[in-house]
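Chemist: Next come the chains, spelled out residue by residue.
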Amino acid sequence: MTSNQFGLFGTDPWWLVLLKVLAIFVILVLLTLFTIWWERRVVSRMQNRIGPNRVGPQGLLQSLMDGIKLALKEEVIPRTAHLAVYWIAPVISATMAFLAFAVIPFGPTVSIFGVKTPLQLTDFPVSVLYVLAIASIGIYGIVLAGWSSGSPYPLLGGLRSSAQVISYEIAMGLSFVAVFLYAGSMSTSEIVAAQQPVWFAVILLPSFLIYVTSMVGETNRAPFDLPEAEGELVGGFHTEYSSLKFALFFLAEYINMVTVSALATTLFLGGWRAPWPLSVWASANSGWWPMLWWLVKVQLFIFFFIWLRGTLPRLRYDQFMKLGWKLLIPISIVWIVIVAGARTLRDQSATSSSRDTLFIAAGVILLAAVLSLVASSRADKRKTQADEARATVAEYQVDAGGFPVPPLPGQQAVLTSRRDSAVGTTIIQQRIDNQENADG
Amino acid sequence: MNPIMASAPALFTIRSVDYRAISPVLIILAVALVSVFVEAFVGRSARRPVQLVLVFGAFLATFIDLITLHATRLVTAAGSVAVDGPALVMQGAIILLAALAAMLMAERMVDPSGDPFAARASSLPGSVDEAEFSARGYFQTEVWPLLLFSVAGMMLFVSANDLLLMFVALEVMSLPIYLMAGMARRRRLLSQEASLKYFLLGAFASAFFLYGMALTFGFAGSVNLGSIADAVSAKPSQSGLLLLAVAMLSIGLLFKVAAVPFHQWTPDAYQGAPTAVTALMATTVKIAAFGALMRVLYVAFGGIRWDWTPMLWIVAILTMVVGSVIAVTQSDIKRMLAYSSVAQAGFILVGVIAVSGKGLASVLFYVIAYGFATIGAFAVVSVVRDASGEATHLSKWAGLGKKSPVTGAVLSLLMLSFAGIPLTSGFIGKFAVFSAAIANGATWLVIVAVIASVVSAFFYARVIVLMFFSEPTEATASVVVPSAFTTIVIAAGATVTVVVGIAPQPLLDLVNNAGLFLR
Amino acid sequence: MNVYTPILILGILAFGFAAFSVLTASLTGPKRYNRAKVDAYECGIDPTPQPEGGGRFPVKYYLTAMLFIVFDIEIVFLYPWAVAFDRLAFFGFCEMVVFIITVLVVYAYVWRRRGLEWD
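Chains as they are written, first to last, in our numbering: chain A, 1 to 440; chain B, 441 to 959; chain C, 960 to 1078.
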């Protein structure tokens, strides 16, 4: 890392800035179109299907055609919608999705038409904070979309989504702390430079794992795609959106996926730097080659997203929140203290007495964390047992409220003869009869 | 090379913090944290005793700590905390009065349903939940950590030598009180209304304070009171910005001392809040607020005192007159005490206006004497009850002195002290404040103050007359025999009032030896 | 050029693209009015009557939002500390450990009081 490189930010001539802006825009749109196709193909393979293969070679143009088709579809705006907000919500989502990419480094300094410039739109001392801020504004799009539709499913989806995103943003934010600690900076290019001998994913493995978990939660992707859980909420916040407005949400979701992948690459996988066997080749880290390494790393993450979706079932909402609040957050905090403590220990300035204090402090924190985990899991177990005990006492009714329902945990489904099981049907029949009587 | 991307030089210099000097605040904060931990991990039945031990233990330890620190005079933590005489005296008074208020909060004999606080503050008033929680005998022990946090905020507030720290302390002091004000067990809607009003107006006042802080920073380039004083004396020319800043900061602080026209929250908050919390608000918060007000005005803006004293004159006169006159028309004892506290704030402001060491000492004396009398008065109010709870309407006090002579006599004594009758602490306090003001040439202000105190004597005397010179009726409330907690509070209030009234010298020596604010 | 200006340009381009898409979609698509189509979507049954002014949300969400603020502020303090960690040295570490412990106490309280449960 040379101070020269940072000096180049903010010195680009205007045409180069325009070029970079346009390039980012095109890359993101193309990546989105590609990722949608890629996801559909991969998931299909995982499910023993073929997937889209008609439009273009291997079906590559499928997403483009879908987009054009969406533009030609009728726009249905519900009567209950709050129009101004309803219109602006997808715009907010999409705009913020693009904006977050401004500080992602694609490569080292190259020469474009004779001008030396880093392959990155811009960078400043707080650029990771900027990504977090922009991502938070993006949530407004989702919340406002859910609220302005004036319909219950989107409202619930929007609320869930915001609760989910803010819950996982904490774990995500905490996972960055160790990175900043090692890099001594929040600027993306400096963080990439700081991973020169070894990637942060290796030395800060827990941070990396926490980030990977929370990035899936943050982007509302399977197995954490509760805001759009089809079985419960139809389409979630975008239930009432159609045509290109819907397409914008779709676009935003995929761009966000690319963004968090790119951020993971930047913060943990050494950014555009070539991985080990390749880095032996001297010119692997200069010129335009690094963009390829960057793309491969990002695509690895995107494949990971797809893989998760093809493999894991969706979590229940309470399990999901429990994972975020009761596991990721305490582990992150303890991990930060351990990292900071280890680093302080390494410092020669730490005297032996201060070292003792350090150990005691770390011990107290660890003990507290472990105790609270144990206490809580015991309390949870007690509660579950009590619930089950209560549930067993409660009789299982096949026809609660007139509808046939499955047994709850702890309840026993009573095996009945065929005549008895017809009772449920009879009850529904009776209800319909009653309704007709009331109507008549 | 781009300057903002340059690797920065050492931006941080690590300042030393004299932990010993700020240990009283640290003790309270540490125990408050332990207290939260107790809330989390100790079983419901054991929580109350554990919390009581913690709270009173913390108060005792802090008080002893303050006594050992009594000779400390220093500014620490990068100039943001001043541990000086006035701060230590006020911290000691805050601890003592908070301990008395805590005793009122711990009282369980007075209310037939047990605690003075709601079973679950979060349950809707009148809901099924509320009934069930009450029936199960739940009570809210979160008031104890809240009390400790609030007291820590007050202690920091009086020794903050930095506007930023002062603001943080202001919020740490206020937020728990907003919450506690809404937690009464009876008349919950009234209590929640009090809490909300106090909170909204308090937030408004905080905004004023913040804005004043921003303007001050714009003028002086620092939020440290000493640096502001330097900037003020370096640029003696009139500055509208600076005057606006002083006005904004004063508004924020005058709100907390309940001076007219920033007193509107007082009657509702005093009436609706649980009486123990009202006692806390009326005594410790007032001390803390006057401490901070004087520190800001004396230390930071002492150089332009001729610019801000006229403003304080108007506020003081308004406060005394409005407080006294409106108190005359009140028919509820807690509202009357609220307006009385407004009027008293006016009298204390007379001492603040003196802007001298004598003025400072007289204000310290006044707030301490007033604090003990007030907490005693609220303790008496809390034991006068009828079937619906506390009987605060004055009609229910008719003939109370004949029914319960001791209670009546104690309250009469406290009322006489409020009115400033000789041989009570109130008289010495008023005398000290007025003589300090006259020594500084504020004779006309003192004349107004004397007239106002004559008016105020009328409504104080009215309570005495009502208690002793009218016959008890069917509606007259009765005095519940409290546990040792409230008894101690009433006794302490009465004793301090009499002893300081007859032999004021030790307390006068204490406040006179406290000296001036450090900077 | 300022380091922040490129962001503005990217923002204008992205906003322009999004706004353009939203606006053109209403021109390019067909319009066939149908009363049932513009009803709130609810699986074919009559929509649930909505209370005036949107009604009240479950308080759970507010709780989550408040907890988020608590931890977000913790993170806000942790970031500058982490960046300046080497310069703050041991003193900074101790102060931050004290800070983290205070937040953990609150966290333990909320946890024990079931503030983190979703039923």
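Simulated from the structure, these hints should not be mistaken for lab results. Errors might be hidden in some of the hints.
[Unchecked claim] Quick list of in silico lysine-lysine cross-link-like pairs, DSS-like style, CA-CA up to 25 Å:
| # | chain 1 | residue 1 | chain 2 | residue 2 |
| --- | --- | --- | --- | --- |
| 1 | C | Lys-1019 | A | Lys-73 |
| 2 | A | Lys-326 | C | Lys-990 |
| 3 | A | Lys-69 | C | Lys-990 |
| 4 | A | Lys-383 | C | Lys-996 |
| 5 | C | Lys-1019 | A | Lys-322 |
| 6 | A | Lys-69 | A | Lys-116 |
[As the list claims (entries may be wrong)] Just the calculated beta-carbon pair ranges, DEER-fashion:
| # | chain 1 | residue 1 | chain 2 | residue 2 | range |
| --- | --- | --- | --- | --- | --- |
| 7 | B | Val-493 | C | Val-1035 | 50 to 58 Å |
| 8 | A | Ala-386 | B | Ala-571 | 50 to 58 Å |
| 9 | B | Val-568 | A | Thr-311 | 23 to 31 Å |
| 10 | C | Pro-989 | A | Ile-112 | 50 to 58 Å |
| 11 | C | Phe-1050 | B | Ser-875 | 47 to 55 Å |
| 12 | B | Val-568 | A | Gly-184 | 29 to 37 Å |
| 13 | B | Ser-485 | C | Val-1057 | 54 to 62 Å |
| 14 | A | Ile-27 | B | Leu-681 | 32 to 40 Å |
| 15 | B | Leu-681 | A | Leu-22 | 53 to 61 Å |
| 16 | A | Arg-343 | C | Val-1035 | 19 to 27 Å |
| 17 | B | Leu-636 | C | Thr-1061 | 22 to 30 Å |
Keep in mind it's a predicted model, so treat the numbers as computed, not measured. Each residue gets a CB set at the ideal place from its N, CA and C atoms; glycine is no exception.
Chemist: Look at each hint and say if it fits the structure.
Modeler: Checked hints:
Between Lys-1019 of chain C and Lys-73 of chain A, the direct Cα distance comes to roughly 38 Å. Violation of the 25 Å bound is thereby established for this hinted pair. In summary, the hint linking Lys-326 of chain A to Lys-990 of chain C is not supported, as the alpha carbons are separated by about 50 Å, beyond the 25 Å threshold. A hinted pair counts as satisfied when its Cα atoms are at most 25 Å apart, and Lys-69 of chain A with Lys-990 of chain C qualifies at roughly 15 Å. For a cut-off of 25 Å, the pair hint linking Lys-383 of chain A to Lys-996 of chain C is broken: about 46 Å separates their Cα positions.
Distance restraint check for Lys-1019 of chain C and Lys-322 of chain A: the Cα-Cα separation of roughly 14 Å lies within the 25 Å cut-off, and the hinted pair is therefore satisfied. Our distance criterion of 25 Å between C-alpha atoms is broken by Lys-69 of chain A and Lys-116 of chain A, whose separation comes to about 42 Å. Between Val-493 of chain B and Val-1035 of chain C the CB atoms are about 36 Å apart, so this pair departs from the stated range of 50 to 58 Å. Taking 50 to 58 Å as the suggested C-beta distance range, the pair Ala-386 of chain A and Ala-571 of chain B does not conform, at roughly 23 Å.
For Val-568 of chain B and Thr-311 of chain A, the Cβ-Cβ distance of about 46 Å falls outside the hinted range of 23 to 31 Å, so the restraint is violated. Separated by about 45 Å at the C-beta atoms, Pro-989 of chain C and Ile-112 of chain A break the suggested range of 50 to 58 Å. At roughly 49 Å, the beta carbons of Phe-1050 of chain C and Ser-875 of chain B sit within the given window of 47 to 55 Å. Between Val-568 of chain B and Gly-184 of chain A the Cβ separation comes to about 57 Å, which falls outside the hinted range of 29 to 37 Å.
Range check, Ser-485 of chain B to Val-1057 of chain C: about 32 Å between beta-carbon atoms, so the 54 to 62 Å window is missed. For the pair Ile-27 of chain A and Leu-681 of chain B, the supplied restraint of 32 to 40 Å is violated, since their beta-carbon distance comes to about 50 Å. Separation of Leu-681 of chain B from Leu-22 of chain A is about 47 Å and departs from the stated range, judged on CB atoms against 53 to 61 Å. Range check, Arg-343 of chain A to Val-1035 of chain C: Cβ separation about 21 Å, and the 19 to 27 Å hint holds.
With their beta carbons about 28 Å apart, Leu-636 of chain B and Thr-1061 of chain C fall inside the hinted range of 22 to 30 Å.
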